[in-house]
Every structure is written in C-alpha cells, then in structure tokens.
Amino acid sequence: MGAAVFFGCAGIAFGPALALVLLTVAAEPLRVIILVAGAFFWLVSLLLASLIWFISVHLSDQGNAKLQYGLLIFGAAVSVLLQETFRFAYFKLLKKADEGLATISEDGQSPISLKQMAYVSGLSFGIISGVFSVINILADSIGPGIVGIHGDSQYYFITSAFLTMAIVLLHTFWGVIFFDACEKRRYWCLGLVVTSHLVTSGLTFLNPWYEASLVPIYIITIGMGIWAFYTAGGSFHNILKCLSCEQEDDSRVMMYSALQVPFED
Amino acid sequence: MITFMNNSDSEDEPCNERTSLMSAESPPVPSYQDGMQASETGEAQTHRKRQTGSSRSPNNVAEGNVSDSGVRVRESPLDNEEEELTLKYGAKHVIMLFVPVTLCMIVVVATIKSVRFYTEKNGQLIYTPFSEDTPSVGQRLLNSVLNTIIMISVIVVMTVFLVVLYKYRCYKFIHGWLILSSLMLLFLFTYIYLGEVLKTYNVAMDYPTVILVIWNFGAVGMICIHWKGPLQLQQAYLIMISALMALVFIKYLPEWSAWVILGAISIYDLIAVLCPKGPLRMLVETAQERNEPIFPALIYSSAMIWTVGMAKPDTAARGPSQQTWDADGRENHGSPSHLDSQISETSHPITSLEELEEEERGVKLGLGDFIFYSVLVGKAAATPSGDWNTTLACFVAILIGLCLTLLLLAVFKKALPALPISITFGLIFYFSTDNLVRPFMDTLASHQLYI
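Note that the protein sequences, when read in sequence, are chains A and B. Numbering follows the working numbering, in which position 135 of the first sequence is assigned residue number 135; successive positions increment by one, without gaps. Numbering follows the working numbering, in which position 210 of the second sequence is assigned residue number 210; successive positions increment by one, without gaps.
Just so you know, these hints were derived from the structure itself, not from any lab.
Going by beta-carbon spacing under 8 Å, a handful of chain B positions derived as facing chain A: (1) 393; (2) 439; (3) 448; (4) 449; (5) 450.
Nothing here was measured: the structure is a model prediction, and the numbers come from that model. Cβ atoms here follow ideal geometry from the backbone N, Cα and C, with glycine treated the same way.
Here chain A stands alone, though its shape is the one from the complex (with noise of 0.2 Å):
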C-alpha cells in the first residue's frame, strides 16, 4: 500500500501544479522569484495566525472539547482572512515591483505584465497551502499503518490528495482573479473571492462527510477557474483559436503594412 499510495496522491495533489510550474514557471527566473516570494508572504500569514491560534488556546481551557473546536474554527477563519490580506499585501509590492522594472528597462515596458504576476502569485500560494496541508500526510502514507482504524474514514488520503488539489487550483484563480478586482478596484470581486475562500474552509469541517465537501468544493473550483478564465482576457473565441491551431496571418500583414508607412515618408 505504501509507496503506491504515496505516489497516487501525490500525483493527484500536485500533478496540476507541478505541470503548471514546469510549463509555465520554471522557464522564467523572474516568475520562479515571485513564486518563491509569494510563498513566503503566505508563510508569514500562516504564522501570525499561528500565532493568534496559539495564545487563544493557550489561555483558554484546555479540557474543553467543544471550545478547543470552536477555538479551531476560529484559527481557520483568523487564518484564511490574514490569507487574503497578505494577498493583497503581495498584490502592492508586486505593483510597485512592476513599475521599477518598467522604469528600468529599455523598452519602458516591464518584461512581466501584471497579469502574468497574478498569475504566478496565485500559483505560488497554492502550492506552499497545499504543501503545508498535505507534506506529512504523504509522508506518513508512505510508512506502515492502517487507515482509519478508530473508525475512520478509510479514504482519508485520497480525499486529502483531491483537496489538496482543490485548493492550489483555487488559490490560482483566486490570485487571477483577486489581482484583477484590485487593479480595476471592484471590491465586491473581493469580497466574492474572500468569501469563496472562506466557504471553502467552512466545507471542509464538513469532512468526512466527503459528499458534502468535496463536491462543492470542486464546483466552487470549476466556477472560480472558469471566472478567472474569462477575467484574464479569456472567452470562448479564444479557446476554439487555441483548439483550431490557426495561424494569425492577418496580424502579420497589418504589421507589414504599418512598417512601410515611415519609409515613404
């Protein structure tokens, strides 16, 4: 059971993930610093929340279940809100970070658009949140040991490995998504994201009640990726372009055609 299961759910988690940084990461030594970057500041967010879980606990009663759970509740909450908050906190460094590099570089233009950086901030929260929930979970997937043997659920692992993967892909859209509502500053797509994010979580103490969190959670995902799609300048014409592997010919002529007009002058 072990290795199998260790490299089936890790693949489920992080496939999608691991495919989007080789394809679309790693080529570029600016995304892989904003991605390495962003998973500092959601590190960050994690330890104040940490932190604030901590004394919380630390000062309550530690024999009372039911206010250890409401304490955890609270933990998650305080959690997914500073979450969002260094979000936005990334979004203005990555804004200023985009105006020095325009300034500097030859051409006036930064040699990353905002768009791009949303894009790989997104990303890079998802993966450090999946890799944090999940990381020991694999690891101990991997050793001897029965699951659920107090009573359990039996599909813990692999219900972890789709959530896991549920969450990177929606960190990614949430990124997209949340870069573009501040930039255009229509706060109520911040609010939406926000609260997406806190649905989400709140799902997930649904849990092992898989029906319950899994399904929306995925149709919460499915909605936020097509959201983020049509966000990042996406739209049906787009993918039927993309899927038809034309090429653009028109585009090229109309720029033949704007190079001569200096040269008759």
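We have chain A already, so just place chain B on it with the hints.
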C-alpha cells in the same frame, strides 16, 4: 559571499579583465558561451565591469572548507544602462544561485531523513567540548553559549591566520592547507557517507569496488576543484563537499549549540565583511590590490568557465574564463582557475578600450554559505517530530534571504555577507514553525480541515 564576475576576452590586456565601463567596438561574438550572455552583451553597449570581492572565511574547522561569504563589488562608472544590466541580469543570477543552494539542501535533507547515522549522537567535535547532557536548562544554555564562543574563536583565529598568510604571500602554505582539506572531504568523508548509505539500504559492496569508486570520485574532484574541469562538474563537486561538510556539522554539533552557532556566525560574517578592519574585508582588499584571484575551492561560481583547449571560434579562444585567465594572466599556475573563490580580479580602472570584452556575468557564493544554509535546513529536518513543514519553511526563508541579499548587492554594489539575512529568517521560521505552526497544522489535519 556573492560576487559578480565579469570575464573579458582579451588575453593581451596587461591588466586583468576588469576594466572600467567601456563600449563595445565590435559586434557581439557568437554564442560561445551558453548563448545567454552573448545575447545579453549584444544588447548592451556598455559593459559593466565589476570587481567582485568575496570575503571568505577560511573557517577551517576540522576539515576546513568553510568560507564565509562576502561579496564585494566595486564598480566602474555606472550609468543607467548598467543599472539596467544589473537588474536584467539580477533575476537570472538569483536563479543561478537558487539552484545550487536548493540542490545542496535537497542532498542534505534526503540524507538526514533516510540515513540514521547523521542523526545519531556519537560524540562531539573538540571545538564544542561542553556537553549538553545536563539536567538543568540554564546549564545547558550556558554550555551551548560556551561551545559557540569556542567555535567562533576558532573560526576567527583561522581566518586571521589565513589573512596573515595571504598578506605575507605564503601561497604554498595556503594551497597546501586547502588541498589537504579537500582531500579529507573528498576521500574520507565520502567513504564514510558511502558506507552509511550502503548500510541504510542494506546493500553489500566489496572493498575493491569501494576503492575504485572512491578513488575515481576523489581524484576527479581534486582535479576539478583545484585545477581545471568542466564547470558543471566543478559546481557539482562543490555542492557535494558542502553537503558533506554540512552533514558533519549536523551530526557532531549538539542541538542548542548548533542554533547558537548559526546565529553567532551570521553576526561574525556581518562584522567580518562590513567592518573596515574585518579579516574578510582585508582579505578581499589585499586580493584586489594585488589583482589576484583568491583561493580555489572556497567559492562556488555560477558563470561559464571555459577550459583550456575547448574548441571554439577564435573569439572564444581568446576569451578567458574569468578564473582561468585571471590566474594565468597573473600567476602562471593553473590551480586557481576553477576555484570560484576568487573575487574577480580587481582592477584599477583601465581606460583604454580594447576590443569587445565579453562580459560573462556570473555570481559567486562562498562555500561557507552553502554549508551553513544546509546546516540550518538539515537541523530543521532532523527534529525529532519529523515534521516536513518546518524544513520547507526554513527552505523558503533561506531562499528569500538569498534573494534579498542579491537585491542589496545590486543596490549597494559592494561585498556583502550572504549569511545574516538568510540565517535570521531561517532561525525565525524554524522556531516559529516548530512551536506555533506545527501544532496548528497538526490539529487541522487531524480533523481534515483545510485553510
């Protein structure tokens, strides 16, 4: 230490390759380098020559290939294009350092998590004589502080000794010392490492095979590090010896002493590189005055280095690798060539513009940095709780510290110690993740809650 390197093509120049800002007078040479620098130099009309200083601390503790990092970059007159060049190259340099640091840490963490030997307590080094097996917390703290004081003093003494030797031009002694240390690392520690790995996986290997493997590994390593060899092989060997050294530290430094030593050594690094009378700074300055490369085997270099005799177009043939030709230009022995420890030759600004100088920008980082980064992450991985989150948090913290240090390097353009920021972040993240985040995440995971 982090240094930028510039390579110049022309051998005929009397001085070394560092020249002041000059414009390219010939079209850019074809990509005899990896292509990246060629295209970049093609873009820019000015080349920035930087003198890089590296501070190294020949912390020859026991084995002694610990070097501190300090990077000194001195620049010739800058202008906007140079600023741009720096930042354009900046991201690439950061990645050029992320990759080896990550690889070293991966090797160390993989070993710690799988091979029991390096987490077992089997005595201590003579540099940390006080034991931590004391009943009271206060006594333990006191012992660890005393251990740290002794260790740091040893390091300071060795560094000062090295600087004195360098000042009085006792090159043979220094080279002999470095060769002995790398011999010990490449042969003895590799043999022990191989033995432990084989024991862990219960694989039998006969002595003749072991002798063959170790002999080849060690001999090629010595050649690559101290003489000439393909750049990537040299980089790989430097990563491996840093990892081995870090594993030795992780095994033999007691728990609390290790953390206090990490903190103290980053403070020492800060002082030694930035203070005017710091030993590392003096080393760098002396090397710069003499236009000499610094010692081999103490610095990791990320730039392209060409080996002599590589078949290339004629421009390439003229192009010296920074280190190779530095050495050959000044001192006619081949040894310092592949050692990255050199700070780039510092040159007094040369105003005569020669033909196009190919600028190879690379960054150098001292091996001591690799070692202490890996010690931090390895210690985080060796915690009894077996938590992976702590290891990852320290890893991210160190990378961000390195990134910030490189940013500061680009801004200040002088030798900078690479330890303080990374180690500070690493320590903060280690203690906070281990004590605060771990219980939180464990509690969440036990209820299968996701945040």
